[in-house]
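Trainee: Chain residues, written in single-letter form:
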Amino acid sequence: MSSNAKTAPTADASVEHQIRSLAEKRHLPAPHLEQWLALDAPSRARFLEIAQSLRLRTGQLLGALDMLAEIAVRERADVAAILSKPQVARIIDGAGSAPERAHQFIEEIRALRFPRLRASVDRIRAEAAAIRLPRGARLVLPKELGSDELTIELKVRTVAELEKFISALGEKRSAIARIIAMLGGSDDV
Amino acid sequence: MTFELDAVFIEEGSRGSALAERIAGALPPGIPIAFVPDGRVAAMPDGSADPFGAGKRRMVVMRRRTPFLSACPAASTRFVCCGYLVLAFASNCPMDCSYCFLQEYVADNPGFQVFSNYADAFEELDRLSHASPGRHFRVGTGDLADSLALDSLTRLSGDLIDYFAARENLTLELKTKTCEIGNLMRIDPRGRVMVSWTLSPDAVFRSSEHRAASPAERIGAARAVLDAGYRIGFHFDPIISYPGAERDYAELADALLDSIPAARISIVSLGGLRMTPALKAAARRRFPDDPMLCGEDVLAPDGRYRTFTPLRLKLYRVLAERFERAGAKCSPYLCMEPASIHERVFGAAPERRAAIAERLAQA
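Chains B and G, in that order, give the protein sequences. Heads up, the first sequence is in my numbering, so the first residue is 427 and it goes up one at a time. Heads up, the second sequence is in my numbering, so the first residue is 2 and it goes up one at a time.
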């Protein structure tokens with residue numbers, strides 16, 4: 427028996443112990459703990475390393491486990507392979523505080539899980555930002571593009587402010603119409 | 002019969018009924034039949050790891066205690082409604098599509114129930130027909146069950162077609178994912194019966210539609226019943242957004258239109274995959290490796306996971322344009338979508354509910 431074969435079960439038991447301990451500390455629901463432990467050995471160990479180094483909070487752990495499981499099914503890849511993608515590794519190994527990197531990590535996992543949604547949101551956001559409405563007026567996109575409804579938010583205290591906004595919206599009418607069309611899929615999704 | 006059963010339970014009150022006799026007479030050897038005092042108990046979840054899946058293999062012949070006829074459960078003021086009426090002749094289905102809403106809807110009574118007092122439904126239909134003689138109604142049996150999956154055992158299609166063929170203002174829609182059309186070919190529907198198929202690309206069929214006929218087989222069966230005098234329809238529902246979906250749905254529509262001219266198709270419906278969180282959880286638990294359940298679905302304002310809006314609309318447009326270009330006699334309708342989505346896809350506000358219902362019933 428090789429020395430590797432001797433040490434592997436011990437290492438694996440240690441990883442499992444650490445996962446259980448972190449799960450208890452973060453009050454991870456039992457199904458998510460089971461999901462984590464059901465991953466292949468390199469995947470659960472790698473996710474543990476990341477969870478510890480980025481100090482992922484409970485919600486982040488839950489979201490990441492769910493999204494990684496679904497990415498694994500979509501891409502027919504194991505979680506360790508997904509976590510070793512350059513764009514993910516760059517965040518994990520990058521500079522910045524643990525909470526900042528944890529946030530970036532979750533956003534990158536979300537981008538991998540929803541690649542076309544992310545691209546669509548980025549394009550629409552860029553168009554919306556280019557409109558440059560006056561301060562106090564804002565275009566609010568539907569959450570995760572779950573509907574086709576654009577919200578236009580105006581904060582007014584005086585009639586003069588209201589008139590200024592109405593005038594600005596009129597001037598930007600065609601650009602806003604373009605956003606409305608993009609929300610309806612007219613863009614190259 | 003192409004579907005397997007583990008056992009048949011017959012409620013004592015249904016013993017000797019025409020349906021029970023037919024089923025008992027047509028069952029392949031080796032399937033045990035047991036008589037039970039209350040079919041509702043036999044239809045409840047068993048103690049297995051997958052009670053919904055087990056329920057599909059346990060047929061329960063029993064009396065229906067509630068009305069057979071109801072509005073489509075998908076109807077809501079939030080959505081444009083097609084006026085479809087549901088006739089519940091059975092509950093659950095021997096096929097096992099990973100996305101099926103029954104996984105949530107009949108989770109508490111998953112046994113495959115068929116109702117021996119189905120003739121009571123004809124009285125309900127008579128009342129409907131007589132109450133509104135000037136209106137046309139489209140009534141389907143394919144909501145809580147596949148209309149034809151076990152027709153070789155139950156032969157219900159014969160009774161239904163005989164009834165509807167004699168009613169001027171009622172259209173029967175038999176909705177299926179099978180090729181079980183043998184009984185249909187022996188009856189003259191007199192133009193009052195529509196047979197419709199749910200159609201999905203091969204990728205969805207292979208990944209998600211377990212024990213269903215292939216898309217090509219469904220199109221072939223549709224051609225056969227069309228030639229036998231039936232009206233036909235197609236439901237592209239659920240439309241699933243996976244990589245390559247736009248191309249696959251376009252090719253599927255082309256394959257259909259190569260076999261059947263658009264002008265001979267009575268109705269086409271489109272509906273994006275929609276899953277409540279509970280359904281999604283149940284489906285993922287039962288089919289953890291199905292990538293079709295991991296599309297770019299987000300929580301929509303109606304509380305269901307749906308493909309994010311611009312992509313969903315793009316998929317609708319791919320299909321709508323195909324049928325429009327091919328000269329479809331009526332434009333497709335969208336299932337469970339609000340008026341704004343109809344307007345964006347078709348470029349015009351939808352008709353009123355009564356007008357849509359009338360048009361589809363007579364299509």
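Simulated from the structure, these hints should not be mistaken for laboratory data. All residues carry an ideal CB built from backbone N, CA and C; glycine is no exception. Heads up, a few of these hints could be off.
Claimed, not checked - Far from chain G by the CB rule (all over 12 Å, computed), these chain B residues:
hint, residue
1, A556
2, L571
3, S573
4, E589
5, I602
6, M608
Stated by the list, open to error - Reference excerpt, derived from the structure (chain B facing chain G, CB under 10 Å, subset only):
hint, residue
7, R604
8, A607
9, L609
Trainee: If a hint holds in the structure, say so; if it does not, say that too.
Mentor: Quick rundown of the hints versus the structure:
| no. | hint | result |
| --- | --- | --- |
| 1 | A556 | holds (18 Å) |
| 2 | L571 | violated (4 Å) |
| 3 | S573 | violated (5 Å) |
| 4 | E589 | holds (29 Å) |
| 5 | I602 | holds (16 Å) |
| 6 | M608 | violated (7 Å) |
| 7 | R604 | violated (13 Å) |
| 8 | A607 | holds (9 Å) |
| 9 | L609 | holds (6 Å) |
Hints 2, 3, 6 and 7 from the list above are not met by this structure, while the remaining hints are.
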